[in-house]
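Colleague: Residue numbers (this note's numbering), protein chains in the order written: chain A, 1 to 286; chain B, 1 to 286; chain C, 1 to 286; chain D, 1 to 286.
No lab work stands behind these hints: they were computed from the structure. Take these hints with a grain of salt, some might be off.
The list makes no distinction among identical chains, and a pair is therefore deemed to hold if it is satisfied within one copy or across any two copies.
Simulated pairs of lysine-lysine, DSSO-like, Cα-Cα distance not exceeding 27 Å [stated by the list, open to error]: (1) LYS254 to LYS3; (2) LYS89 to LYS135; (3) LYS247 to LYS90; (4) LYS80 to LYS30; (5) LYS2 to LYS247; (6) LYS205 to LYS2; (7) LYS254 to LYS269; (8) LYS2 to LYS254; (9) LYS98 to LYS2; (10) LYS269 to LYS80; (11) LYS90 to LYS254; (12) LYS2 to LYS30; (13) LYS189 to LYS80; (14) LYS98 to LYS135; (15) LYS89 to LYS254; (16) LYS3 to LYS269; (17) LYS205 to LYS189; (18) LYS89 to LYS274; (19) LYS247 to LYS80; (20) LYS98 to LYS265; (21) LYS254 to LYS265; (22) LYS3 to LYS247; (23) LYS247 to LYS89.
Computed from a prediction, not measured in an experiment: that's the story for all the values here.
Each chain, letter by letter, is given below.
There are 4 protein chains.
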Amino acid sequence: MKKPTAVLLMHCPDQAGIVRAVTDFLYENKGNVIYLDQHTDAASRQFFMRVEWELDNFLIGKEKIEEYFETLIAQKFDMKWELHFSENKKRVAIYVTKLSHCLYDMLYRYQSGEWNIEIPFIVSNHDNLRHLAEKFDIPYYHFPMTKQNKAEQEAAQLKLLQENDIDFIVLARYMQIISSYFIKAYAGKIINIHHSFLPAFIGSKPYHAAHARGVKLIGATSHYVTEDLDAGPIIEQGVSLVTHSDKVSDFIRKGKDIEKITLAKAVSKEIANKILAYNNRTVVFE
Amino acid sequence: MKKPTAVLLMHCPDQAGIVRAVTDFLYENKGNVIYLDQHTDAASRQFFMRVEWELDNFLIGKEKIEEYFETLIAQKFDMKWELHFSENKKRVAIYVTKLSHCLYDMLYRYQSGEWNIEIPFIVSNHDNLRHLAEKFDIPYYHFPMTKQNKAEQEAAQLKLLQENDIDFIVLARYMQIISSYFIKAYAGKIINIHHSFLPAFIGSKPYHAAHARGVKLIGATSHYVTEDLDAGPIIEQGVSLVTHSDKVSDFIRKGKDIEKITLAKAVSKEIANKILAYNNRTVVFE
Amino acid sequence: MKKPTAVLLMHCPDQAGIVRAVTDFLYENKGNVIYLDQHTDAASRQFFMRVEWELDNFLIGKEKIEEYFETLIAQKFDMKWELHFSENKKRVAIYVTKLSHCLYDMLYRYQSGEWNIEIPFIVSNHDNLRHLAEKFDIPYYHFPMTKQNKAEQEAAQLKLLQENDIDFIVLARYMQIISSYFIKAYAGKIINIHHSFLPAFIGSKPYHAAHARGVKLIGATSHYVTEDLDAGPIIEQGVSLVTHSDKVSDFIRKGKDIEKITLAKAVSKEIANKILAYNNRTVVFE
Amino acid sequence: MKKPTAVLLMHCPDQAGIVRAVTDFLYENKGNVIYLDQHTDAASRQFFMRVEWELDNFLIGKEKIEEYFETLIAQKFDMKWELHFSENKKRVAIYVTKLSHCLYDMLYRYQSGEWNIEIPFIVSNHDNLRHLAEKFDIPYYHFPMTKQNKAEQEAAQLKLLQENDIDFIVLARYMQIISSYFIKAYAGKIINIHHSFLPAFIGSKPYHAAHARGVKLIGATSHYVTEDLDAGPIIEQGVSLVTHSDKVSDFIRKGKDIEKITLAKAVSKEIANKILAYNNRTVVFE
Numbered sequence: 001m002k003k004p005t006a007v008l009l010m011h012c013p014d015q016a017g018i019v020r021a022v023t024d025f026l027y028e029n030k031g032n033v034i035y036l037d038q039h040t041d042a043a044s045r046q047f048f049m050r051v052e053w054e055l056d057n058f059l060i061g062k063e064k065i066e067e068y069f070e071t072l073i074a075q076k077f078d079m080k081w082e083l084h085f086s087e088n089k090k091r092v093a094i095y096v097t098k099l100s101h102c103l104y105d106m107l108y109r110y111q112s113g114e115w116n117i118e119i120p121f122i123v124s125n126h127d128n129l130r131h132l133a134e135k136f137d138i139p140y141y142h143f144p145m146t147k148q149n150k151a152e153q154e155a156a157q158l159k160l161l162q163e164n165d166i167d168f169i170v171l172a173r174y175m176q177i178i179s180s181y182f183i184k185a186y187a188g189k190i191i192n193i194h195h196s197f198l199p200a201f202i203g204s205k206p207y208h209a210a211h212a213r214g215v216k217l218i219g220a221t222s223h224y225v226t227e228d229l230d231a232g233p234i235i236e237q238g239v240s241l242v243t244h245s246d247k248v249s250d251f252i253r254k255g256k257d258i259e260k261i262t263l264a265k266a267v268s269k270e271i272a273n274k275i276l277a278y279n280n281r282t283v284v285f286e
Numbered sequence: 001m002k003k004p005t006a007v008l009l010m011h012c013p014d015q016a017g018i019v020r021a022v023t024d025f026l027y028e029n030k031g032n033v034i035y036l037d038q039h040t041d042a043a044s045r046q047f048f049m050r051v052e053w054e055l056d057n058f059l060i061g062k063e064k065i066e067e068y069f070e071t072l073i074a075q076k077f078d079m080k081w082e083l084h085f086s087e088n089k090k091r092v093a094i095y096v097t098k099l100s101h102c103l104y105d106m107l108y109r110y111q112s113g114e115w116n117i118e119i120p121f122i123v124s125n126h127d128n129l130r131h132l133a134e135k136f137d138i139p140y141y142h143f144p145m146t147k148q149n150k151a152e153q154e155a156a157q158l159k160l161l162q163e164n165d166i167d168f169i170v171l172a173r174y175m176q177i178i179s180s181y182f183i184k185a186y187a188g189k190i191i192n193i194h195h196s197f198l199p200a201f202i203g204s205k206p207y208h209a210a211h212a213r214g215v216k217l218i219g220a221t222s223h224y225v226t227e228d229l230d231a232g233p234i235i236e237q238g239v240s241l242v243t244h245s246d247k248v249s250d251f252i253r254k255g256k257d258i259e260k261i262t263l264a265k266a267v268s269k270e271i272a273n274k275i276l277a278y279n280n281r282t283v284v285f286e
Numbered sequence: 001m002k003k004p005t006a007v008l009l010m011h012c013p014d015q016a017g018i019v020r021a022v023t024d025f026l027y028e029n030k031g032n033v034i035y036l037d038q039h040t041d042a043a044s045r046q047f048f049m050r051v052e053w054e055l056d057n058f059l060i061g062k063e064k065i066e067e068y069f070e071t072l073i074a075q076k077f078d079m080k081w082e083l084h085f086s087e088n089k090k091r092v093a094i095y096v097t098k099l100s101h102c103l104y105d106m107l108y109r110y111q112s113g114e115w116n117i118e119i120p121f122i123v124s125n126h127d128n129l130r131h132l133a134e135k136f137d138i139p140y141y142h143f144p145m146t147k148q149n150k151a152e153q154e155a156a157q158l159k160l161l162q163e164n165d166i167d168f169i170v171l172a173r174y175m176q177i178i179s180s181y182f183i184k185a186y187a188g189k190i191i192n193i194h195h196s197f198l199p200a201f202i203g204s205k206p207y208h209a210a211h212a213r214g215v216k217l218i219g220a221t222s223h224y225v226t227e228d229l230d231a232g233p234i235i236e237q238g239v240s241l242v243t244h245s246d247k248v249s250d251f252i253r254k255g256k257d258i259e260k261i262t263l264a265k266a267v268s269k270e271i272a273n274k275i276l277a278y279n280n281r282t283v284v285f286e
Numbered sequence: 001m002k003k004p005t006a007v008l009l010m011h012c013p014d015q016a017g018i019v020r021a022v023t024d025f026l027y028e029n030k031g032n033v034i035y036l037d038q039h040t041d042a043a044s045r046q047f048f049m050r051v052e053w054e055l056d057n058f059l060i061g062k063e064k065i066e067e068y069f070e071t072l073i074a075q076k077f078d079m080k081w082e083l084h085f086s087e088n089k090k091r092v093a094i095y096v097t098k099l100s101h102c103l104y105d106m107l108y109r110y111q112s113g114e115w116n117i118e119i120p121f122i123v124s125n126h127d128n129l130r131h132l133a134e135k136f137d138i139p140y141y142h143f144p145m146t147k148q149n150k151a152e153q154e155a156a157q158l159k160l161l162q163e164n165d166i167d168f169i170v171l172a173r174y175m176q177i178i179s180s181y182f183i184k185a186y187a188g189k190i191i192n193i194h195h196s197f198l199p200a201f202i203g204s205k206p207y208h209a210a211h212a213r214g215v216k217l218i219g220a221t222s223h224y225v226t227e228d229l230d231a232g233p234i235i236e237q238g239v240s241l242v243t244h245s246d247k248v249s250d251f252i253r254k255g256k257d258i259e260k261i262t263l264a265k266a267v268s269k270e271i272a273n274k275i276l277a278y279n280n281r282t283v284v285f286e
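One chain only, chain A, in its complex shape (with noise of 0.2 Å):
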């Protein structure tokens, strides 16, 4: 049985001394150490780290941890941090459009305990994924947008999330461009399955683009949503090889297993609270 244990992922510029300093904090209130990684960034000199420790020992209570760790540590470096306990588990949103295989592979995550998170609802904006979310039990909220409800379906989506405490939100094959005051709402809390290897073929029919360009692989990104169009901090990528002898629709197939792997893969980083965001780009831990 895994012990409950808290995440600190904190990032601040650099000097000498932070890791010394974080790591006699956690060994002085016994706290026991049982992942630390760190990088810097040569470029913007920023470093970053991410520390898990088991919180049995630990001297410092849980409701405290944010008080001592801001006052002791926080404040001398100028640092921006999050801190996390294993014993929370993460609340996911999903929206999706029609096309159900980014879904229905969450959904076999989240069943089968390899996900130990919630799903309090699925959105879409269409009602066809319906009969999926009632298979597993899962609200399913259908707002259909047009240009003059759009801002109306967001306000009570918005309600929605926040009714139910989503931490962060999923969109699965979600065809709707979000509005700038939705995404500020929960600015680096959405993530996004774009089917192409960004930043080639931004926007719509990314594999159509990618069959007239002749490309030898099409691939798929997982990014945080920003208020530009797939231009947001990329969190995962991941490509498969194509031929001539493959069609559009043959793209749009071998697409499929890949935007649902790479999908995964992000999300399971997010679950797990491995992910920095910094100047539009990633720190992914391991």
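Fit chains B, C and D to the known structure of chain A by using the hints.
Modeller: Positioned in the frame of chain A, the structure of chains B, C and D alone reads:
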């Protein structure tokens, strides 16, 4: 010992009976077919075929095959076609600038006998790699390029290429834009390696751009050179994973390995007469 | 809308004129060939071919094609061959034990229409995955297996398979050794997924063995089941990188994704009648 | 310009406080840490760490670091450790037989400056590749090997290696089994490339065996040489897809590219002091 063979590469509008007509033509003239592959592009309704047969019992003399095939087969089907003989070694000119990894790898394949070709000379806009050419006793022509002398230097190169009966040119990280005039003279006969997975990161410094974009895979693309920069028919693409811990210099170092292998695969296909380009895409036979 | 087609898969000792004879047979009877691929194995001097043609104007009735092809072509060349019609949906039985990832992935492809097949039932030696079968309204037969009842249970399974006209069986992580008697009854019709890159790590617990050996890549192999354990003709193999930081449980988790994708690729080829097995090797057409 | 650095590679039984002790040691003596990576193997409860720091302001003289580290840190934690200085170029001996692709590729990396090493000499049991050594002005020693002279020749080689202060040996497709006596003299200091994805196809002619088995992917493995043939700790593995149309000669040709790239990756890690071997497995830091 491999017997002498002939290869026909052909394409034409698709219709019934093409394979049958070609195989009949070879069979009735005692040509033993050792390779036959075909492809029909559904969108353009074009038919593509590569057939290779042994010449030793073939009833039509080598010098007459072109005439007979054109008369008896090609004109009926409105074919474009090329005939190649395995006994004719390809004559390949290599263009380089300052980076040696692709040149080096090509020289290995040439010198070890993996590629049964002639390399009559190496061209460069710099003198840096002369020592390498000298190691392998290959003439090295240095053509310094300026805006002023470009037309003149390219004319001199064309003369050199023609005098040496060059079959095709390989730009092995040649960092000069070639004029339309030159490209037309060797249309479909110039193979480039670009250091990105096209169409992402066209133009100069693609690894810097890839790093700035925060991609999780880098690539290389070998393609025929056309008048649109980095937009010609793609022959082969390769990729490599990168992580947040890779600096631009790591992208460049890892990229070199992908570049040389990707270029070598494309050149190998060209040597074996296995590529047909059509509508800015390629059919690359196994 | 795709027109109804027929597929011939054939192999025979190589000689001149086979392609010509088959294409003549189809052409003269107004069969529009939409796919033709062939392969000659140099070592065994065997010729392999797959040809697919549209039936709508074909002059020979569906029920007569077998007879005519055997009489007019096959016996001349000493061919082994199979005939398939696109209109006949394959009937596939799935065998599972306790792990759901491959079953789940297959059910997605079935239910979403990616695979145009029937799944008349699922067989298992445990009752764990019944809920999944029920979600998709597929009969689930539980055959508990002991040393004592094995022969009896397999006999009951064979009866079930025959009553349901099963075309082929997929062992989707079915953790039971099947008897020679059973294998002979469905020779060349049982596809397994083994969780290693065969021939490494034959038998049970391959991820544990791979971890102990300290490999840097893990794999999965889909193959036809023969009487030699994990030694049948390989259809498809996939791999994934691992590092020293991956524990056995990580190997297992990463491996599941490779297993399901590798198995799906193999089953897709089987559904499309693109595999010929010969001398414990497979020819897998594009 | 990169400043001179020192690297410590260490491993010991896991316990709390190791990272803290090492970072304290460096911090208090004004060593600016530029790289720190660690790994704990859950099964063996061993802790592994690599730390690199700049020497320019370090308060402990280069010649004293070993003594101080052993006294103040290593003995407390029962550590095994190695100290390396970036200013000391590695001295590498290359062993070859008749195939040149790996040697060639290594010479490119050496000569182009990708590898900042010395290659004092090349050893071979044949004279075939002398011309290549001469092109690069590297001494080439031909040691013909027979059952009778093996012990004597290996003794002569050991003398040569010691006289030249060789840090490690690369078997770049050296097709001779090395005696236990020799291996013990350079334990953990001999890197081999085997032309299969180990542990599949141990021993000679792995491509022939792979072809006979009908695999769909081939591979190469770089590993440390131990007394058990092809069974030493694996450093790096690579693979390439193959199809039914690939003959054994195609396996060999495609394999050469994987071999040279896989070997180069392993040697690069060795040069950078990024590998720790333990219990027949390796920790390979990023």
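Colleague: All the hints need checking, so say for each whether the structure fits it.
Modeller: We went through each hint and held it up to the structure:
no.: 1; hint: LYS254 to LYS3; result: between (40 Å within a copy, 23 Å between copies)
no.: 2; hint: LYS89 to LYS135; result: both (22 Å within a copy, 26 Å between copies)
no.: 3; hint: LYS247 to LYS90; result: between (40 Å within a copy, 24 Å between copies)
no.: 4; hint: LYS80 to LYS30; result: both (24 Å within a copy, 26 Å between copies)
no.: 5; hint: LYS2 to LYS247; result: between (48 Å within a copy, 14 Å between copies)
no.: 6; hint: LYS205 to LYS2; result: between (44 Å within a copy, 23 Å between copies)
no.: 7; hint: LYS254 to LYS269; result: both (24 Å within a copy, 13 Å between copies)
no.: 8; hint: LYS2 to LYS254; result: between (37 Å within a copy, 20 Å between copies)
no.: 9; hint: LYS98 to LYS2; result: between (38 Å within a copy, 23 Å between copies)
no.: 10; hint: LYS269 to LYS80; result: within (19 Å within a copy, 33 Å between copies)
no.: 11; hint: LYS90 to LYS254; result: between (30 Å within a copy, 21 Å between copies)
no.: 12; hint: LYS2 to LYS30; result: within (18 Å within a copy, 38 Å between copies)
no.: 13; hint: LYS189 to LYS80; result: within (16 Å within a copy, 44 Å between copies)
no.: 14; hint: LYS98 to LYS135; result: both (16 Å within a copy, 20 Å between copies)
no.: 15; hint: LYS89 to LYS254; result: between (33 Å within a copy, 22 Å between copies)
no.: 16; hint: LYS3 to LYS269; result: within (20 Å within a copy, 35 Å between copies)
no.: 17; hint: LYS205 to LYS189; result: within (25 Å within a copy, 32 Å between copies)
no.: 18; hint: LYS89 to LYS274; result: within (15 Å within a copy, 36 Å between copies)
no.: 19; hint: LYS247 to LYS80; result: between (48 Å within a copy, 23 Å between copies)
no.: 20; hint: LYS98 to LYS265; result: both (22 Å within a copy, 23 Å between copies)
no.: 21; hint: LYS254 to LYS265; result: both (17 Å within a copy, 10 Å between copies)
no.: 22; hint: LYS3 to LYS247; result: between (51 Å within a copy, 17 Å between copies)
no.: 23; hint: LYS247 to LYS89; result: between (42 Å within a copy, 23 Å between copies)
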